[in-house]
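These protein sequences, in sequence, are chains A and B. If you read the first sequence in my numbering, its first letter stands for residue 1, the second for the next number, and so on. If you read the second sequence in my numbering, its first letter stands for residue 1, the second for the next number, and so on.
In short, the hints are calculated from the structure, not lab data. Keep in mind that this is a model prediction, so the values were computed, not measured. Hints are supplied without guarantee of correctness; some may be wrong.
Simulated crosslink set (SDA-like; lysine to any residue; CA at most 25 Å straight-line) [said to hold, decoys possible]:
id, chain 1, residue 1, chain 2, residue 2
1, B, K102, A, P264
2, A, K76, B, G24
3, A, K224, B, H18
4, A, K38, A, V26
5, A, K224, B, A320
6, A, K269, B, R185
7, A, K161, B, R138
8, B, K257, B, G238
9, A, K161, B, E234
10, A, K261, B, A30
11, A, K161, B, A83
12, A, K38, B, G89
13, B, K257, A, L275
14, A, K269, B, K257
15, B, K90, B, A101
16, B, K257, B, D36
17, A, K189, A, R207
18, A, K268, B, G24
19, A, K75, A, G47
20, B, K102, A, G122
21, A, K269, B, H231
22, B, K90, A, D46
23, A, K224, A, S9
24, B, K257, A, L272
25, A, K261, A, Y55
26, A, K268, B, A82
27, A, K268, B, H18
28, A, K261, B, E316
29, A, K38, B, K90
30, A, K261, A, V133
31, B, K90, B, T115
32, A, K269, B, E234
33, B, K102, B, F132
34, B, K90, A, D45
35, A, K268, B, P103
36, A, K194, A, L225
37, B, K102, A, S9
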Amino acid sequence: MTYDPATASGWVDAPARKGFFTDTSVCIGCKACEVACKEWNAVPDDGMSFLGSSYDNTGALGASTWRHVAFIEQKKPVDLGMPSTARPGADGDGRADFRWLMESDVCKHCTHAACLDVCPTGSLFRTEFGTVVVQDEICNGCGYCVPACPFGVIDRRIGEKDTPKVGVAQKCTLCYDRIGEGLEPACAKACPTKSIQFGDLDELRERAQSRVDVLHAAGVHDAKLYGESEGDGVGGMGAFFLLLDEPEVYGLPPDPVVTTKDLPAMWKKAGLAALTLLAGAVAAFAGSGS
Amino acid sequence: MSPRGRRRDEFQMVPDAHFTSYYGRPVVKAAPWTADIPAYLFLGGLAGGSSLLAAGAQATGRDSLRRTSRLGALVGISLSMAALVHDLGKPARFANMLRVAKPTSPMSVGTWVLTAYGPMAGLAGVAELRPFLPRSLRDGAVGRLLGAAGTPAGALAALAAPAVASYTAVLLSDTATPSWHEAHRELPFVFVGSAAAAAGGLGLLGASLHDAGPARRLAVGGALLELAAEHRMEQSMGLAAEPLRAGTPGRFMRASKALTAFGAVTAAVLGGRSRVAAGLAGAALMAGSACTRFGVFEAGQESARDPKYTVVPQRERLNARLGS
Ligand code: SF4
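Bound conformation, chain A alone (with noise of 0.2 Å):
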């Protein structure tokens, strides 16, 4: 059986488990995602500057990015009707020695979430989704989340103070608004390529191991599948990816795992370390009667 945390958190009769299948290969960096994540969810403007990455501007996830499109350009040979910088047919077969990679990026919802499992108070939550949402009014800005999550997705908002949910944890939602009501979410529901798609996780991942198959059938050995196994170090993401490279080339980690899987062990020296200190003070007394 597999594991499902809507379940494990208390919910009854969750509906299936939602999520995201982002399929790099067709992505075409249009960044509608980018744009229609904004609009929906009111994510206020973060600055824009230029990074000198591509065409990339948006720079990494954060608490006012919650789609990231990456961008990145390789000389390595690629056949697949993307956007290439030679003619058609002027190389003989084909083919450029030039591809580009385009990734969007977004939160794995992540079966095990470190940032859910550290957050003090109860402000991030699971919902009967499966997904991971941030209750606004309920952070308090710890902070904590930010250097727990494996991804570097979540961050607290920075800002005026006039800036909607400043100083709280922001990411994705999973649209979680739009879900509950059928709609699937803004990005999704925006990309033109069906480079993002929405649904049932189990569905999900079928298709993805299909499409897989296919990619591989048709030579484009390099296409693998990113976080939609049960079995990696956060429990299998809710939002998972095919990649055409390893993770670290798109700034994903290469083999996450949630920071909680050790917690136990560590309680256990923190525990140990206390009756150190302990043992310590009243050996300091009986040390000697002076």
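Starting from the structure of chain A, add chain B with the ligand where the hints point.
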């Protein structure tokens, strides 16, 4: 252009780490915390250690040590709480910490530990102020109550104190910050050692030579534990130990070791004979403890900002698993 990084650092645990990253950008995010947090780590440790010393001093009739330690705990925990609240994005919502008790969140556990400890340490500290109250208050009901409350409050504070001093290690380690997480085996021992050294140091500074014996022994023992555990920690952290040796955190850690060693030796050799030497040793041990906290804190922040510390160990682990 594939963004490949080849980094050379002055101090290296492993030979040249070839790794790939996305334009050298961080993979994990550094905690949005300021100097409030390392200051809290230091002050909380100082308070916890001091409460233990104060309870012992109370039980063995060492008045000047009891007074110094209780007041140290009061000041330490008060400033700690101020720093913790100040570091929140929404300070007014501090009380939301008390909505839940979550063993998976070291911050939640710490909040409850502090909730148990703070008022007791505070009460014991305030009891020391009784002699300074105007006569009418001092001898009235309030004064008598304070006088009676000091000892039980101090004892209860001492019970919670070891947890106050040790949980902060888990607070840091329970993150994806490489140099904090990889330190998780030894960091609690480094931190309780550091707390004992700081509290012992304060005792050496404030108590009479006659009363300071236990403070001296706690200080020397704490310093030795801290130095030994820190050494072991660096051996066990792999690549993530590197930030502890370079740049700003490296300077803090070197200062910490020098001050702690100097303080311990001075306390052990001269601390029992000369008040001046005891004070000097005490100040050095407290400064060393503070440097440890800032060094460990900053090393973690550095390890989060550089993708090398996230990518290289994970890639090695993955390759080993895939057998390539
Ligand atoms: S990716 Fe990060 S922010 Fe998203 S659920 Fe996982 S731990 Fe939380």
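So, going through the hints one by one against the coordinates:
1. B:K102 to A:P264: holds (13 Å)
2. A:K76 to B:G24: With Cα atoms ~21 Å apart, K76 (chain A) and G24 (chain B) stay inside 25 Å; holds.
3. A:K224 to B:H18: Measuring from Cα to Cα gives roughly 22 Å; hence the hint holds.
4. A:K38 to A:V26: Status holds; Cα separation ~22 Å.
5. A:K224 to B:A320: holds (18 Å)
6. A:K269 to B:R185: holds (7 Å)
7. A:K161 to B:R138: violated (46 Å)
8. B:K257 to B:G238: The hint holds at about 20 Å.
9. A:K161 to B:E234: Roughly 42 Å between the alpha carbons, so the hint for K161 (chain A) and E234 (chain B) is violated.
10. A:K261 to B:A30: holds (20 Å)
11. A:K161 to B:A83: holds (21 Å)
12. A:K38 to B:G89: holds (22 Å)
13. B:K257 to A:L275: The hint holds at about 24 Å.
14. A:K269 to B:K257: holds (23 Å)
15. B:K90 to B:A101: Between K90 (chain B) and A101 (chain B) the Cα gap is close to 20 Å, so the pair holds against 25 Å.
16. B:K257 to B:D36: Holds, because 22 Å separates the two Cα atoms, which is no more than 25 Å.
17. A:K189 to A:R207: Cα-Cα ~18 Å, so holds.
18. A:K268 to B:G24: The hint is violated at about 36 Å.
19. A:K75 to A:G47: violated (31 Å)
20. B:K102 to A:G122: Distance ~8 Å between K102 (chain B) and G122 (chain A) Cα, so the pair holds.
21. A:K269 to B:H231: holds (17 Å)
22. B:K90 to A:D46: holds (19 Å)
23. A:K224 to A:S9: Outside the cut-off at roughly 31 Å; violated.
24. B:K257 to A:L272: Holds, because 23 Å separates the two Cα atoms, which is no more than 25 Å.
25. A:K261 to A:Y55: violated (37 Å)
26. A:K268 to B:A82: violated (29 Å)
27. A:K268 to B:H18: Not satisfied, since the Cα-Cα distance of roughly 35 Å exceeds 25 Å.
28. A:K261 to B:E316: holds (19 Å)
29. A:K38 to B:K90: Holds - the C-alpha atoms of K90 (chain B) and K38 (chain A) are around 23 Å apart, at most 25 Å.
30. A:K261 to A:V133: holds (21 Å)
31. B:K90 to B:T115: Given pair K90 (chain B), T115 (chain B) holds - Cα atoms ~19 Å apart, limit 25 Å.
32. A:K269 to B:E234: Given pair K269 (chain A), E234 (chain B) holds - Cα atoms ~17 Å apart, limit 25 Å.
33. B:K102 to B:F132: Answer violated: K102 (chain B) to F132 (chain B) is near 41 Å, above 25 Å.
34. B:K90 to A:D45: Given that 25 Å is the threshold and the Cα spacing comes to 21 Å, the pair holds.
35. A:K268 to B:P103: Status holds; Cα separation ~13 Å.
36. A:K194 to A:L225: Holds, at about 16 Å.
37. B:K102 to A:S9: Holds. K102 (chain B) to S9 (chain A) sits at ~13 Å (cutoff 25 Å).
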